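Assembling the complex is the task here: the two chains are given apart, and the hints tell you how they should meet.
Chain order of the listed sequences is E and Z. Counted from 1, the first sequence has number 155 at position 155 by the numbering used here; the numbering is strictly sequential. Counted from 1, the second sequence has number 59 at position 59 by the numbering used here; the numbering is strictly sequential.
Calculated directly from the structure, the hints in this document are not laboratory data. Please read all numbers here as calculations on a predicted model, not as lab measurements. Built from N, CA and C at the ideal position, the CB exists for glycine as well. One should not assume that every hint holds.
Unchecked claim - Distance condition first, Cα-Cα at most 16 Å in a straight line; then the derived EDC-like pairs of lysine to aspartate or glutamate:
(1) 139(E) / 43(Z)
(2) 67(E) / 43(Z)
(3) 73(E) / 135(E)
To be verified - If you only want the chain Z side, here are some residues facing chain E, beta carbon under 7 Å, derived:
(4) 36
(5) 37
(6) 44
(7) 49
(8) 58
(9) 63
(10) 74
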Amino acid sequence: MLASAMNEPLEELPSEIPPPPAPGALAELPELAVIYEEHSRAIYYLALRFLGDPTQAEDATHDVFLKAYRGLKSFKGRAAMRTWLYRIAINHCQNVLRSWHHRNIQNCVDDAVWNTAPGSEDCPFRVLATQELGERIQKALDALPEEYRLILLLVADEQLSYEEVAELTEQTVDAVRGKLHRARKAFGGAFHLND
Amino acid sequence: MNEPFHRQNLNQRQQSAEETKQKSDTETSGLEFQTAEELLRHDAATIEVPETIAARLAETAPGAAPPPWWKRWLHSE
Chain E
1 MLASAMNEPL
11 EELPSEIPPP
21 PAPGALAELP
31 ELAVIYEEHS
41 RAIYYLALRF
51 LGDPTQAEDA
61 THDVFLKAYR
71 GLKSFKGRAA
81 MRTWLYRIAI
91 NHCQNVLRSW
101 HHRNIQNCVD
111 DAVWNTAPGS
121 EDCPFRVLAT
131 QELGERIQKA
141 LDALPEEYRL
151 ILLLVADEQL
161 SYEEVAELTE
171 QTVDAVRGKL
181 HRARKAFGGA
191 FHLND
Chain Z
1 MNEPFHRQNL
11 NQRQQSAEET
21 KQKSDTETSG
31 LEFQTAEELL
41 RHDAATIEVP
51 ETIAARLAET
61 APGAAPPPWW
71 KRWLHSE
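Just chain Z, same shape as in the assembly (with noise of 0.2 Å):
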């Protein structure tokens, strides 16, 4: 049989208001690390690179000259 509307209606009500205390829940609730690195992971990871040292590096990099011939054979002993 099917449930008046009235009822179908608050029983959605409901599972909505559910949905929306389970999303606050784990937004208040955090979050956990069991170690200083595993922090820093975290922490390394929501981390965004700059995207203007790419487009320094694009700049400088092709001109970079080498370094002097002594060092260089200062470097290979």
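Isolated chain E (complex conformation) (with noise of 0.2 Å):
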């Protein structure tokens, strides 16, 4: 009976068998998957809190990167990839922010507005119910100047300096100390007034 039951043909295995699973979905790509493991956080989170919409964030990241690896052969290594990837990310964004619909229901509020706000710069952010913190910082980010939220985005990237904050916003590295205090000032107002 052993004897015949070794003489049976294996069984055959099944013809399809399932690949392995991918290490990640940019597995094939390693160039992309090297930068993108390292800046998407970034990008993302920039993206996010600058246009204040997850799905806008998420087409934003997603054509950031596609543009970052087309344009891989031509980034000269002059400014760091995290630097070059925010560069294409603020042009994306202010073009979303510019289209008919952001246009028309943004809120203008005058410059002079923030510089005269009560300070709120020294008070600490205490924060007791961290699941609406999200909505909050939203919130108090809305209300700044865009330019003012660009600042303070890039500025709480420890990655990059002032003189990149500066490269990046166009300006020099005295204004974006200067509107950076404002900055800090009006979102400590906006941020407290949900106190």
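Printed below as a string of structure tokens:
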């Protein structure tokens, strides 16, 4: 019986063996995978908080990395990769913000309002309910002029120097420092409104 | 000398209650950030990048056509 069992042909393996799971969606594109892994969070975060819309942020992040991938050969390494990606992201997000929809729903607040707003820059941010923190941050950022919002988001990235923020926002370092001071004050005021 | 069983049990319950209170205090005391940037960094660290972005890139990037020659030429000037 044993001998007859040994003479039987082995069961054939199923013809369609599922492929092993890929280490990542971008496994086939190693160059892109490397930059995506390192910078996607920063770029997505900038797009999310600058545009204030998760769907638009998702589209923007996709488009930024696609543009970057297509332009990798022209990237001469004169700037850091992060700065280069931020430049693409800022241009992209500003184009989105200049679209008809955004132009028509954006609040126009006189810059002087922020300059004379009561000081809340030195007041620490105490957060009890962390579930709604993202919403509060978004509301506070939405209340700021676009330029202040951008400067705050860029300065919050510890990988960027003030010089790089100045270059990305096309102004001097002194101008960045001045606007950052006002942006912090305005953000603090808007954030604490929801206390 | 060994403590009686009911005494040991009471100590354990007191210890457990203290641990629960400490945990609860930490949860209700929340978080504090000195600057707006610190708050934004915390926010950024808690954000999940949607996995759909990488999946979309995996589909679109391989077929992404290079820019036309004149655009590359203008860019290289």
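Now the hints, each set against the structure:
The suggested pairing of residue 139(E) with residue 43(Z) holds, with an alpha-carbon distance near 13 Å, which does not exceed 16 Å. For the given pair, residue 67(E) sits about 26 Å from residue 43(Z) by alpha-carbon distance, which is inconsistent with the 16 Å threshold. For the given pair, residue 73(E) sits about 39 Å from residue 135(E) by alpha-carbon distance, which is inconsistent with the 16 Å threshold. Using the Cβ-Cβ criterion of 7 Å, the hint placing residue 36(Z) at the interface with chain E is satisfied: the shortest such distance is roughly 5 Å.
With a cut of 7 Å, the hint placing residue 37(Z) at the interface with chain E holds, because the nearest CB-to-CB distance is about 4 Å. Look at residue 44(Z): its Cβ gets to within about 4 Å of chain E, closer than 7 Å, so that hint holds up. Checking residue 49(Z) against chain E by beta carbon gives a least distance of about 5 Å; that is within 7 Å, so the hint holds. Below 7 Å, beta-carbon pairs count as interface contacts, and residue 58(Z) has one with chain E at about 5 Å; its hint therefore holds.
With 7 Å as the threshold, the beta carbon of residue 63(Z) stays out of range of chain E, its nearest partner Cβ sitting at about 10 Å, so the hint is violated. Interface hint at residue 74(Z): violated, since its Cβ lies 11 Å from the closest Cβ of chain E, which is beyond the 7 Å cut-off.
The earlier numbered hints that this structure contradicts are 2, 3, 9 and 10.
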